[in-house]
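Protein sequences, first through last, are from chains A and B.
The first sequence begins at 2 in our numbering and counts up one residue at a time.
The second sequence begins at -8 in our numbering and counts up one residue at a time.
No lab work stands behind these hints: they were computed from the structure.
Nothing here was measured: the structure is a model prediction, and the numbers come from that model.
Any given hint could turn out to be false.
Here are a few chain B residues that face chain A, going by a calculated C-beta distance under 8 Å [what the hints assert, rightly or not]: (1) Ile(-7); (2) His(-4); (3) Ser27; (4) Leu73; (5) Arg76; (6) Glu119; (7) Glu123; (8) Ala126; (9) Gly248; (10) Phe255.
Glycine is no exception: its CB is placed at the ideal position from the N, C-alpha and C atoms.
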Amino acid sequence: MKSMEELNAARERARDGMWVRDDNFAGPRVRVSMGDCGIAAGARDVLDAFTQAIAAAKLEAQVLVTDCLGLCGQEPVAQILLPGKTPVTYGKVTRERAVEIVKRHLAGGRPVAEYTVAVRDEEEKA
Amino acid sequence: MIRSHVLVCGGTGCTSSRSLALIDAMEREVASAGLSGEVKVVKTGCFGLCALGPIMIVYPEGTFYSMVKEEDVPEIVSEHLLRGRPVTRLVYGETLLPDGEVASLDDTGFYKKQMRVALRNCGRIDPEDITEYIAFDGYQALAKALTRMTPGEVIDVVKASGLRGRGGAGFPTGLKWSFAAAQPPGEKYVCCNADEGDPGAFMDRSILEGDPHALLEAMAIAGYAVGANRGYIYVRAEYPIAVKRLQIAIGQARDMGLLGEDIFGTGFSFDIETRLGAGAFVCGEETALIRSIEGHRGEPRPRPPFPAVSGIFGKPTVQNNVETYANVPRIILLGAEWFSAIGTEKSKGTKVFALGGHITNTGLVEVPMGTTLREIVEEIGGGIPHGKKFKAAQTGGPSGGCIPAEHLDIPIDYDNLTAIGSMMGSGGLIVLDEDSCMVDMARYYLDFTVDESCGKCTPCRIGTRRLLEMVERITGGNGKSGDIERMEELCRYIRENALCGLGQSAPNPVLSTIRYFRDEYEAHIHEKRCPAHVCKSMLAYKIIAEKCIGCTLCARVCPAGAIAGELKKPHVIDPEKCVKCGACYEKCRQGAIVKE
Chain A
2 MKSMEELNAA
12 RERARDGMWV
22 RDDNFAGPRV
32 RVSMGDCGIA
42 AGARDVLDAF
52 TQAIAAAKLE
62 AQVLVTDCLG
72 LCGQEPVAQI
82 LLPGKTPVTY
92 GKVTRERAVE
102 IVKRHLAGGR
112 PVAEYTVAVR
122 DEEEKA
Chain B
-8 MIRSHVLVCG
2 GTGCTSSRSL
12 ALIDAMEREV
22 ASAGLSGEVK
32 VVKTGCFGLC
42 ALGPIMIVYP
52 EGTFYSMVKE
62 EDVPEIVSEH
72 LLRGRPVTRL
82 VYGETLLPDG
92 EVASLDDTGF
102 YKKQMRVALR
112 NCGRIDPEDI
122 TEYIAFDGYQ
132 ALAKALTRMT
142 PGEVIDVVKA
152 SGLRGRGGAG
162 FPTGLKWSFA
172 AAQPPGEKYV
182 CCNADEGDPG
192 AFMDRSILEG
202 DPHALLEAMA
212 IAGYAVGANR
222 GYIYVRAEYP
232 IAVKRLQIAI
242 GQARDMGLLG
252 EDIFGTGFSF
262 DIETRLGAGA
272 FVCGEETALI
282 RSIEGHRGEP
292 RPRPPFPAVS
302 GIFGKPTVQN
312 NVETYANVPR
322 IILLGAEWFS
332 AIGTEKSKGT
342 KVFALGGHIT
352 NTGLVEVPMG
362 TTLREIVEEI
372 GGGIPHGKKF
382 KAAQTGGPSG
392 GCIPAEHLDI
402 PIDYDNLTAI
412 GSMMGSGGLI
422 VLDEDSCMVD
432 MARYYLDFTV
442 DESCGKCTPC
452 RIGTRRLLEM
462 VERITGGNGK
472 SGDIERMEEL
482 CRYIRENALC
492 GLGQSAPNPV
502 LSTIRYFRDE
512 YEAHIHEKRC
522 PAHVCKSMLA
532 YKIIAEKCIG
542 CTLCARVCPA
552 GAIAGELKKP
562 HVIDPEKCVK
572 CGACYEKCRQ
582 GAIVKE
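Turn these sequences into a full structure, and let the hints guide you.
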């Protein structure tokens, strides 16, 4: 180690992935529902899609798995939690949609309205 | 992508509860569940809540699992790691909120008032992986010191911080370093006292096992500050895990050029060797330690000259405790004002305590100086188990004194404790409840110091032995009138004339128990009675006939055949045959056996 710069570079490399362990993490998070209903609907592949997309985009995000949220009819279900914003719940998530959600919402900061959970009528989806 | 870290404690406490087998089981189960690419299992150092080990923390949720067994692993993997359903029966009770949510560890009684500075990385990083240390600002302080500060500036910062030696004596660290720096340039040494001989103390062990690089970095900083290029870590051989982790850490630091020649390209070179102790408490005394490193039998010598002027091989040596060093990198990085804002006026920073004895939350705690003993015992420690009353807290191990209930609200710092006849010591804090005999406790510690006396000076070699004989006569039921006064006189003589700290402080447990529990001594001597029912010579076990149902359980478990009685008729203990082992007392379910 011949300079402060080298140490700082080593620190950057070492920090890769360490945000998973951060008690005070304040970055974006994805929560994938992995209850029995979710798994039956294909949530495992959706979880993989999210982790792969996040890794490919080199994003500092946490991925959590959670029990069934109660929206069994909408499975696979995933939520995006951005700091300071209300969680946004996505329903009938597919591999392709997960990739888009990561790009437009997780990284881009704007919810993908057409994939969010339908609460009442089809027309109310803005 | 790794989305989850499972941290498992690999400190000595949890290791003896088979945490290493737990880690293996976890890795196997993660692999067979196809989660190896998503879950990383990490062996860390001590989290502090030793009473509830093995400890496992699952991130990113931060779920704190306690008393985890190998059999629990499949459930943790399939329920928590795969499906996000924490295994609630294993979650540390205090973090489980009524609505099923999991509270932060920082809100629990045990952690709320703690402030982890010396222990900041323990439980957070893998001590056998230098990159994890670096990720959390490791070696930044050394880089800052070597590339942006002069040796004099480093010493000024340590002085201004107010850091005092954590080994027990509390000598100002910056001042000690300045003495060594003031010596003419030449061969000088940095030394770490990692002997930790106090029974019941494991603060240094946890730092060595959980964050060894903090020590290496601090010693290199000290070397730069005083002009030394070589360091020794004197670690007791009874800490094999600590020795192994230190050696791994030194190897990794050397490989990365953080120890060795021309560190950070500044021309400063520093390297460290370990030296193992071999079971001598006296070798925790700084001059005896130096003698031991030099290859001689560990024996202290008079001071002056102090080690900072003439130490190892007669060269100027900085000698500090593990915990003292563990604070240095943070002080250099965050500044003297940050450190001196913590604690009391004359005792800055935090102190690590090894909480043991009759306390619910046995383990390792770190609190700002000035925290009261009551907060440590009742809040952090979770109080005395089984509804018993607090009697005293023993600080400073065999060199320290007891603190009775009347001083529970004392803010803990170096000077306050000395004023009431105790001392901070290295951090061992043993809590005693109403069933403890204070005379017996003094005897226990004195027995230890007598055994460990090196024999070089008469006051300690002979004085402590005579003192122990007096205390043993008293606990043996043969105390004589005037014994207390004779012991006090002998204690004063030993304290004033012994060559080193071992002898000088050996009388402390006796003196402080006489000061606060004189009535117990008097009961032993004049009434031949042990109020706490501990001293066997003055103890009698008796069966209360009205409560005895004649179940014969006690008679069957008695090793001396001292209990007689027919089935369903009251039994009787023969005091002539009774060896007072207490087996019958433990066995009786009717509460019919009492201690008198």
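| query | Measuring from the C-beta of Arg76 of chain B to each C-beta in chain A, is the shortest one below 8 Å? | reply | holds (5 Å)
| request: Have a go at the Ala126 of chain B hint: is there a Cβ in chain A nearer than 8 Å to its own Cβ? | output: Holds - the Cβ of Ala126 of chain B comes within 8 Å of chain A, reaching about 4 Å at its closest.
| field | Hint check, His(-4) of chain B versus chain A [nearest Cβ-Cβ separation less than 8 Å] | value | holds (5 Å)
| said: Checking hints one by one. Is Glu119 of chain B an interface residue toward chain A, by the C-beta closer than 8 Å rule? | reply: Cβ of Glu119 of chain B sits 14 Å from chain A, so the hint is violated.
| said: Can you verify the interface hint for Leu73 of chain B: is its Cβ closer than 8 Å to any Cβ in chain A? | reply: holds (6 Å)
| Under the criterion of a CB-CB separation shorter than 8 Å, is Ser27 of chain B in contact with chain A as hinted? | At 13 Å from the nearest chain A Cβ, Ser27 of chain B fails the 8 Å test, so the hint is violated.
| query | Does the interface hint hold: is Ile(-7) of chain B within less than 8 Å of chain A, judged Cβ to Cβ? | reply | holds (5 Å)
| query | Does Phe255 of chain B pass the interface hint, meaning its C-beta sits closer than 8 Å to a C-beta of chain A? | reply | holds (6 Å)
| field | Proposed interface contact between Gly248 of chain B and chain A, which counts if any beta carbon pair is under 8 Å | value | Holds. Min distance 4 Å.
| said: Interface hint check: Glu123 of chain B, Cβ to nearest Cβ on chain A, cutoff 8 Å. Holds or violated? | reply: Status holds, d = 7 Å.
Hint violations for this structure: numbers 3, 6, all remaining hints satisfied.
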